[in-house]
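Undergrad: Sequence:
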Amino acid sequence: MAPRTGPERTCVGCRTSGSKLDLIRIVRTPHGEVRVDATGRAPGRGAYVHADRACATAAIAHGSLARSLRVGLRAEEAARLGNEIEREIERDVRR
Numbered sequence: 012m013a014p015r016t017g018p019e020r021t022c023v024g025c026r027t028s029g030s031k032l033d034l035i036r037i038v039r040t041p042h043g044e045v046r047v048d049a050t051g052r053a054p055g056r057g058a059y060v061h062a063d064r065a066c067a068t069a070a071i072a073h074g075s076l077a078r079s080l081r082v083g084l085r086a087e088e089a090a091r092l093g094n095e096i097e098r099e100i101e102r103d104v105r106r
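Residue numbers (the numbering used here): 12 to 106.
Calculated from the structure, these hints are not laboratory results.
Take the hints with a grain of salt, since some may be wrong.
[Stated by the list, open to error] Simulated pairs of lysine to aspartate or glutamate, EDC-like, Cα-Cα distance not exceeding 16 Å: (1) 31 <-> 19; (2) 31 <-> 103; (3) 31 <-> 48; (4) 31 <-> 99.
With the sequences and hints as input, model every part of the structure.
TA: The following block contains the structure:
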């Protein structure tokens, strides 16, 4: 029998696949709020980025994150979300 593997997701920043556990989930909640989902289980439409500043920056700058979440991100929302992702990356590095 083949060994079991965990779920894989695609990073919207670099378009490569990786383990769900190695990626950061960003969610658009049913109320329209876009935020980092630290638990990975919040309800809403989700998108994933690697815990890497380059992937997060590319996802926000190129609009692939907004497209994946089917939402328009204003500049101030994108900046706030970028800061949230940075905090999550720092938290991930400390683990």
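Undergrad: For each hint, tell me whether it holds in the structure or not.
TA: Here's how the hints hold up against the structure:
1. 31 <-> 19: OK: residue 31 and residue 19 at ~5 Å, within 16 Å.
2. 31 <-> 103: Holds. Residue 31 to residue 103 sits at ~14 Å (cutoff 16 Å).
3. 31 <-> 48: It holds: about 13 Å lies between the C-alpha atoms, which stays within 16 Å.
4. 31 <-> 99: The given pair, whose Cα atoms are some 15 Å apart, holds under the 16 Å limit.
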